[in-house]
Amino acid sequence: MNWTAIWVTFQLASLTAMALLIIGLPIAYWLTFSRWRWKFLVESVVALPLVLPPTVLGFYILVAIGPHSPVGRFYSDLVGHPLPFTFEGLLLASILYSLPFAVQPFAAAFEQVDRRLIEASWTLGVSKIATFFKLIVPLSMAGLVTGAVLSFAHTLGEFGVVLMVGGNIEGETRTVSIDIYDEVQALNYAGAAKTALLLVVVSYGVLLLVYAMNRKVWAVWPQR
Amino acid sequence: MATTLSLNCRKTFPGRLTIDAQLELPLDPPRVLILFGPSGSGKTTLLRCLAGLEQPEEGTIRFGLDLWVDVARHHFVSPQARHLGYMPQDYALFPTHTVTGNIEYGLSELSQDERRTRVSEVLALLQLQGLEQAKPRQLSGGQQQRVALARAIARRPQLLLLDEPLSALDAPTRGALCSELRSVLTRLKIPTVVVTHDWTEALTLGDHIAVMSEGKILQVGVPQAVFSRPANETVAQIVGVETVIQGQVSESENGIATVHVKGTAITALAVEGVGSSVYVCVRAEDVVLEQAGSGMTSARNHLPGLVSDMVPQGVMVQVTIDCGFPLTATITRGAVEDLRLVPGASVIAAIKAGAVHLVPRLAG
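Residue numbers (my numbering), protein chains in the order written: chain A, 33 to 256; chain B, 37 to 400.
Just so you know, not all the hints are guaranteed correct.
Below are the DSBU-like pairs computed for lysine-lysine, each with C-alpha atoms no more than 30 angstroms apart in a straight line [as the list claims (entries may be wrong)]:
#	chain 1	residue 1	chain 2	residue 2
1	B	LYS388	B	LYS298
2	A	LYS71	A	LYS226
3	B	LYS252	B	LYS225
4	B	LYS298	A	LYS160
5	B	LYS171	A	LYS166
6	A	LYS226	A	LYS160
Here are some chain B residues the structure puts well away from chain A; computed CB gaps all over 12 angstroms [claimed, not checked]:
#	residue
7	HIS133
8	THR136
9	ASP149
10	ARG223
11	LYS252
12	HIS296
13	PRO379
Just so you know, the hints here were simulated from the structure itself, not pulled from any lab data.
A virtual CB, placed ideally from N, CA and C, is assigned to each residue, including glycine.
So here's chain B without its partners, still in its complex pose (with noise of 0.2 angstroms):
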């Protein structure tokens, strides 16, 4: 049976934002969903729909054969009904009760047997044992997260709702349990949906993308597509990463590393805990372009390719560069004039290591 997630909602703030979202994706087998946007774009509003903690003013949600809203017919299932894990951005650990307590607080229908099985069990996947009978406030923020997660899980929810589960955590902590909530949501085969506004975290846990922007749903896609193939021009500016490129490390040493793409081999700056495989990620105004022939840069990438696009956006161009792989590069119109470019002429792009960003991909 496709679990399909379908919802059409419509909600006003007056005076701020209306939200007016169309969304239709299979999330079977269980893929991760990410609503990704800038902050007041409404995707937590979004999410909160999802959870029944809001009220569409119009609008119907359905999530495979269950109908939970449908305003015209002034039917609301509530949040309690909708079996669901939900994960509020600040967690909303409850201080009174210690991490098994909070951890198996939504766990009163089972019996104490199989209570228990299942805190050991979360406890062990998110690697919170020794833990059990703290107090939330003494635990650090990826503790707290991973308590988070656990209890939203240890229901087996139908669908998990993830709102901002990495924001509340400091950047180097983030990176790290940025690649570990990958590595769970793997291994849960729970239909998931994850609010972020981090293109990296889009990307790490993402199989599929929709873009939000002033309420409405812009593009929805696999990352990579999305993030490579904008719809528009909003939605380029809001990811903001003109190539994503799928690749291979092969070896990395003294924090470089070189990663393989379709043949080409390119420098970057390694990251801590990315596996072999990654999204190469390059902005647009990194890349420069350079005229066959000329001289060394202190560039570490120069790639040679032909010129198959160009489209000018106000007073830049974007060019694209066929280089083995697709390459956008954002320059002006003056260097357009100077370079002599046209499509299919001849060129370099050079791309220094450090603006080549290396994400893991979401494996399975």
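If we strip away everything but chain A, and leave its shape as in the complex, we get (with noise of 0.2 angstroms):
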């Protein structure tokens, strides 16, 4: 087994995970709480990687962050080089190919949280970001886990977006599913079926997980 590609594949996953809890919680309150009415705009943005070819979604943001846009210069004057095929480059990709694994359950959970609690956690002089933290976070509990565990989830087993923006770089943007495509085209299935059982094992153990803990908050949308 290749467990270079393992590692990669994991830190990817834990640092994907991660970023998003921090990205997607106030992206989530944003979506539950706004009364703006055109919402829904950015509601179906977040949804995009849901139903997007991850191939789309890895060409757009390998032109977007390559030397030829902005964003891309920007970061290849700040850092020396440029962003495609690195492990940053992929990070990048994976959260907002991850964007809406976490995004949902978060706003699920949200939405199930009773709004007379926050009114009262307001009318006791508490600050609406202290309120999130004091009230909104512990009753959500169960639905920030269930984003962050899908989220990694998800990361373990992308290919597309991988293939398009990171390449295939040893020990840098070589994961656990391009090694398996790998050992296939050399025809070692051996090899493959090892590697491919363990990402089955892992995905299955973190959904058991999620679903045991709580049936209640996953949905691919919060119910209105």
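Could you use the hints to bring the two separately framed chains together as a complex?
Written as structure tokens, this is what we have:
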């Protein structure tokens, strides 16, 4: 088994899940509590990775962070090397690709929090931000864990986006799914089978955890 | 400094209700104002406007020197900055926090020592000792209500807002907790606004009462005046109790109480937990008028008096009798003719003991 690929994948999935906890919470909060009438425009953008082919998403990310885009130029001026085909570039792509897998369970959990509790907190002089951390987060803990775990599991198995943005660089961007593909190309079915089995077992374990912990919270979109 | 609550609010709910309420009332010395009206009359919405949880479309809200809302100038003070105690109808206790956690939730600005003192103070005031570590779902309805009140008063708010504080409780608990709430409010000395649709609660808790119907405040005054002299027919219908008069319970035996009202002794059903100071309440339709000198009936109270006023109300006539105190009766036009009632005629008013309701009077 290619332990380097497994380690890269594990790192990528953990960092993606952590980043999505930080980025996804404010987005989910805004999606849940905003009364803006055009909110659905943002909701649809967040959900886009669910339906878009990974290659399409990967293509746009590649173009967006490439040397011909302002973002790509800014990054290479800052760091000294371009973003595509690096671990950081792959991380950025993974965050975008797994965004709905974090934001949707977060938003579903926030939706379940009784508004009257939030109002009670406000009238007790507790600011909106403090209310979020003191009240909303503890009440939606199951949904937060679900979102983090699902984005972790989803990143473990990504293929199309990795191939487009990350390429196939050993120890940098070669993930487990790419490794399996390479083994099959080289007709090494035994090697591919072992790695594939590992991925199935880990993914199944992660989903078991989510479903066992809370059956109510998981939903593709929050119920309205 | 007079703490005056002054509000002028307009808010529309398309197809349902338009709230258009004006009120100006000094709440100093600290007083309890009752917002009274049937469900759907807009009381809760008005209370939420006071709390800052709802924004009026037009108008101003002022409390003492603070301007809370001025829609014309886009001025809106957040609920956090109003320094209120707000108790919603279903209490909204935080399920993840213990009793202590709920009470000290809004006290994070205090030092730990102060916080601890404050919590034990309100725990003692509301007799919640021993429940400090319990979670809300382990508490009875009455205990939850006391925790919610404790949480609301722990910050020593400048205004206390209670939305139907007793309606989530079952009837026997409600009576006992109503008297308890009254004594707590008397001791707290915080200006308070209470929303209720129950007239016994209104009488027990209120120093002032504002009667609401269909989004409008129809009458404001001391409860006795509002109940006895409703400003118009709508108010009369809403309050439903025409005679409210102060009395003293002189004895209470075998479930029967004797109450003295302006020198007249009235027999009523005794109510547990009622002190000696009471409001004697009688509905006009429960008063039977008899010709002077007629025979016995089963009614325990026969009060001789003179007809002082007669107001026709559709097929009924509302007759006011002066029997030491004004007593209102509603009878049919036919009965008026049979009894040959005219202003000044002498008549006997009969009331069954069960139709005389005693409501504890708010002391102080």
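Taking the hints in turn, this is what the structure says about them:
Distance check on the hinted pair: B/LYS388 and B/LYS298 sit about 19 angstroms apart at the alpha-carbon level, within 30 angstroms; holds. Between the alpha carbons of A/LYS71 and A/LYS226 the distance comes to roughly 45 angstroms, so the proposed pair goes past 30 angstroms and is violated. Between B/LYS252 and B/LYS225 the alpha-carbon distance is near 28 angstroms, which keeps this suggested pair within the 30 angstroms criterion. Distance hint between B/LYS298 and A/LYS160 is unfulfilled; the C-alpha atoms sit about 56 angstroms from each other, more than 30 angstroms.
With a C-alpha separation of about 16 angstroms, the suggested pairing of B/LYS171 with A/LYS166 holds against the 30 angstroms cut-off. This hinted pair does not check out: A/LYS226 and A/LYS160 have alpha carbons roughly 50 angstroms apart, beyond 30 angstroms. Non-interface call for B/HIS133 relative to chain A: violated, since the shortest CB-CB distance, roughly 9 angstroms, does not exceed 12 angstroms. Non-interface status of B/THR136 relative to chain A is upheld: no Cβ of that chain comes within 12 angstroms, the nearest being about 14 angstroms off.
With a least CB separation of 19 angstroms from chain A, B/ASP149 remains clear of the 12 angstroms interface cut-off, as annotated. Chain A leaves B/ARG223 outside its interface by the beta-carbon criterion, the shortest separation being 21 angstroms against a cut-off of 12 angstroms. The claim that B/LYS252 lies off the interface holds: its Cβ sits roughly 25 angstroms from the closest Cβ of chain A, which is beyond the 12 angstroms cut-off. Under the 12 angstroms C-beta cut-off, the non-interface status given to B/HIS296 relative to chain A holds; the minimum distance is some 44 angstroms.
Listed as a non-interface residue, B/PRO379 keeps its Cβ farther than 12 angstroms from every Cβ of chain A; the least gap is roughly 53 angstroms.
In this structure, the hints that do not hold are numbers 2, 4, 6, 7, in rising order.
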